[in-house]
Amino acid sequence: MEVEKILVAVGREPNTKNIGLGNIGIELEKGFVKVREYYKTNVENIYAIGDIINTPQLAHVASKEGEIAVENMVGHKTEKFIDINKIPSAIYSEPQIASFGYTEEKLKEKKIDYKKFIFPYRGIGKSVAIEKSEGFVKILTDKNTDEILGAHIVGAEATELIHEMLLAKNAELLPEDISKMIHTHPTLSEGIMEAFRGIEGWAIHI
Numbered sequence: 011m012e013v014e015k016i017l018v019a020v021g022r023e024p025n026t027k028n029i030g031l032g033n034i035g036i037e038l039e040k041g042f043v044k045v046r047e048y049y050k051t052n053v054e055n056i057y058a059i060g061d062i063i064n065t066p067q068l069a070h071v072a073s074k075e076g077e078i079a080v081e082n083m084v085g086h087k088t089e090k091f092i093d094i095n096k097i098p099s100a101i102y103s104e105p106q107i108a109s110f111g112y113t114e115e116k117l118k119e120k121k122i123d124y125k126k127f128i129f130p131y132r133g134i135g136k137s138v139a140i141e142k143s144e145g146f147v148k149i150l151t152d153k154n155t156d157e158i159l160g161a162h163i164v165g166a167e168a169t170e171l172i173h174e175m176l177l178a179k180n181a182e183l184l185p186e187d188i189s190k191m192i193h194t195h196p197t198l199s200e201g202i203m204e205a206f207r208g209i210e211g212w213a214i215h216i
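Numbering (my numbering), first residue to last: 11 to 216.
The hints are simulated quantities; they were obtained by calculation from the structure and are not laboratory data.
Since this is a predicted model, take the numbers as computed values, not measurements.
By construction, the Cβ of each residue, glycine as well, lies at the ideal position given by its N, Cα and C atoms.
Possibly wrong hints are sitting among the right ones.
Distance windows between CB atoms, simulated [what the hints assert, rightly or not]: (1) ILE101 - THR155: 48 to 54 Å; (2) GLU37 - ASP123: 36 to 42 Å; (3) LEU17 - ASN154: 32 to 38 Å; (4) GLY41 - VAL80: 21 to 27 Å; (5) TYR102 - GLU54: 15 to 21 Å; (6) LEU177 - SER73: 17 to 23 Å.
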């Protein structure tokens, strides 16, 4: 395959060396600080979040981990950990890339029966109008329960659009809840509606 540019996003590691963590008994695993519920370390009253623990190294992940830790510190009820399958990821390339949840490869590895549908950006009226018709919206659902397992978008404003699909996942909605919801025309979000219709077998603009 011949390409003009390659995006390299590897090689990051936790900055935990020679900063005195061993002096206070903080446990590490492969350089990462080990944490339990609410991001507590093994040392009383010391928490760890962000890039020094073994979770996705994303700013919004670190921010949410911090919220959970502080809520626990002050005695408020909160979740114990972030659900890894509900973390949105974004690449601000051209076109943009955004996703959450399972990939097909991971579903096959776990032997989970799934359905998929891919709706092309060229089927979205607005993407053609703004001359950004490159890309697709991909949805993965459980073959038996219709649970949303993952979503992937490549295309204009993908990093914004992914949140409608993630909201559906968080609210435990089914594809029909989005497929039957009226979306403004023309908008790029119509591609999400069509993808959910497609997983049910009735996408119109394709």
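So, going through the hints one by one against the coordinates:
1. ILE101 - THR155: 48 to 54 Å: About 30 Å separates the Cβ atoms of ILE101 and THR155, which means 48 to 54 Å is violated.
2. GLU37 - ASP123: 36 to 42 Å: 39 Å, holds
3. LEU17 - ASN154: 32 to 38 Å: Taking Cβ atoms as reference, LEU17 and ASN154 lie about 36 Å apart, which means the hint holds.
4. GLY41 - VAL80: 21 to 27 Å: 25 Å, holds
5. TYR102 - GLU54: 15 to 21 Å: At 40 Å between Cβs, range violated.
6. LEU177 - SER73: 17 to 23 Å: About 18 Å separates the Cβ atoms of LEU177 and SER73, which means 17 to 23 Å holds.
Violated hints for the displayed structure, listed by number in ascending order: 1 and 5.
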